[in-house]
Amino acid sequence: MFHYLGNPNRARVLPGFGITMGYTVLYLSVIVLLPLSALLLKSAGLGWERLWQTISHPRVLASFKLTFGAATIAATINALFGLIVAWTLTRYKFPGKRLMDAMIDLPFAMPTAVSGIALTAVYAPRGWIGQYLEPLGLKVAYTPLGITLALVFIGLPFVVRTLQPALADLDQEIEEAAASLGASRLQTFWRVIVPTILPALLTGFALALARAIGEYGSVIFISSNLPMKTEIASLLIISKLDQYDVAGATAIAAAMLAISFGMLLAINAVQHFVARRAEGGA
Amino acid sequence: MEAVDGSPIWQATAWTGSAPTVRGATEDSRWLQRLLIGLSVGFLTLMLFAPLAAVFVEAFKKGPGAYFASFRDPYAWSAIRLTLLTAAVAVPANLAFGLAASWAIAKFHFRGKALLITLIDLPFAVAPVVSGLIYVLVFGMNGWFGAWLARYDVQVIFAVPGVILATMFVTFPFIARELIPLMTEQGTEEEQAAISLGANGWQTFFRVTLPNVKWALLYGVILTSARAMGEFGAVSVVSGHLRGRTNTVPLHVETLYNEYNFVAAFAVASLLAMIALATLALKTAVEWRKERELAEAARGPC
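As given, the protein sequences belong to chains A and B, one line each in that order. Under this note's numbering, residues 192 to 473 are what the first sequence spells out, in order. Under this note's numbering, residues 107 to 408 are what the second sequence spells out, in order.
Just so you know, the hints here were simulated from the structure itself, not pulled from any lab data. Quantities reported herein were computed from a predicted structural model and do not represent experimental measurements. For every residue, glycine included, the Cβ atom is placed at its ideal position computed from N, Cα and C. Keep in mind that a hint or two might mislead.
[To be verified] When the alpha-carbon atoms are kept at most 27 Å apart in a straight line, the in silico DSS-like pairs for lysine-lysine are as follows: (1) A:K330 with B:K167; (2) B:K389 with A:K284; (3) B:K389 with B:K320; (4) B:K219 with B:K320; (5) B:K219 with A:K284.
[Said to hold, decoys possible] With beta-carbon atoms standing in for the labels, derived distance ranges: (6) B:F174 with A:A466: 52 to 58 Å; (7) A:Q378 with B:L228: 40 to 46 Å; (8) A:P316 with B:G148: 29 to 35 Å; (9) A:L232 with B:A403: 50 to 56 Å; (10) B:G148 with A:R382: 26 to 32 Å; (11) B:A194 with A:P356: 31 to 37 Å; (12) B:L191 with A:I450: 35 to 41 Å; (13) A:E364 with B:A404: 19 to 25 Å; (14) B:G346 with A:H463: 42 to 48 Å; (15) B:W254 with A:H248: 29 to 35 Å; (16) B:F177 with A:E364: 35 to 41 Å; (17) A:Q434 with B:L228: 27 to 33 Å.
Use the sequences and the hints to build the structure in full.
Laid out in structure tokens, this is it:
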């Protein structure tokens, strides 16, 4: 089984392409592609009218507004604080830095249900931090604010981890050149550093956003899950399934996928534009 | 601040020696450093450290006696057994896939490679609840194979197979994602040398390829295990929350929490948190090792 396409330096002598490739495609098809195509075909089978009827229901629209709104705000907060954290971790030296660096991945490694009850314990009205926020009129847990907070928690590693290599790769000589030409540190940051890392920042934003849109476990504990108010799209899918309304659940899931796909496509386009501009003109 | 003789400025500042007022052109002022470090530490304390500490504090709120009593519940043990069983199936399955996929993708050229990698990443982009839903559409009562499975009295949804399948889907890309970039970077020269010296495919794989990727592989396996044991959204859809039968550990945490049995909920959750911390510790260890190897390689001859 010598598959040979193109490069003569590779692929000729090594065995096992046929069997590993075959197994890869088979396993991928059974576990991923078959079930995903079920979603596509089933939602297509519903027809536009049925799809639209489900999605245009006020309760569904409210959950979409909440899910996509909170996810966008959370990803924006993550972009800002993620940049600060990544900058601190790549540029500065301070005690506890390695521990901080290692802990960035906690939201990724921690089961979402655990994150959910832990955040609720901290931000509930009588929780550790919540008790100090409530007298200020800030109710976090059981409100859209709490949902946003959980989504910030979930998305944090994505922004930091995509920014870190970009910041580490920054050519310091360019910054030096900018400084020697009389640019202030702030000018250098906005005119030299930000354009260079913007593609990475956008990637991190997109990853955090995508993760936040689909998040379920950490949200449902800190949210009061009230229809029209604090019910996210994922939870609505579950409640449709609990009522044996598989078609309704499928319609919501398909719409959710379509919207997030569209958002990611738009971000990709922006990213492409930014990368081209960064390459094109100095 | 200019370097007079054209040498890089960082060298120029190094010459001026210990004068504390001199700062490199790419260095932030002391107050800005303090501000940004303060913001980072504050943000991470509120977002990461406080919730993590809360898990253990809440679990031990009524003392170690109550903490350990939480594990005397037979439902907790059946949840732990189911979670271990799920991981014991999902992790080796995704390990075999990850090894096969990374061998095919990293060591050979073929058309459609980028598409294949994108497809492998797909489960990562699908919302957890939707990941569960798609299996309901295939194996549920009114799903594609629902009637057929019912005829043979096989239940997938609201049963253990569904839990395992959904977990396999959610943890599908992790090992492949760890291995593919690393193995691509390493190229095929060592394997080709082994083959030309007379080693067969398996010998080459086990003696050359595997030792080269062992740390990334180990991390991939640990991450997959942690995620398999912790998956909530997808499993929540397919499990049916049957106590003692289809409740995994995270679902058991939810059940306890919803019954206001907070100490037990956090006690069981603390097990999962410890697995997460062990994952992070291992990841850090692997990274440090890699750094040290790189540093040693840089210091050595050639």
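Check: So which of the earlier hints does this model not fit?
Finding: 5, 8 and 16
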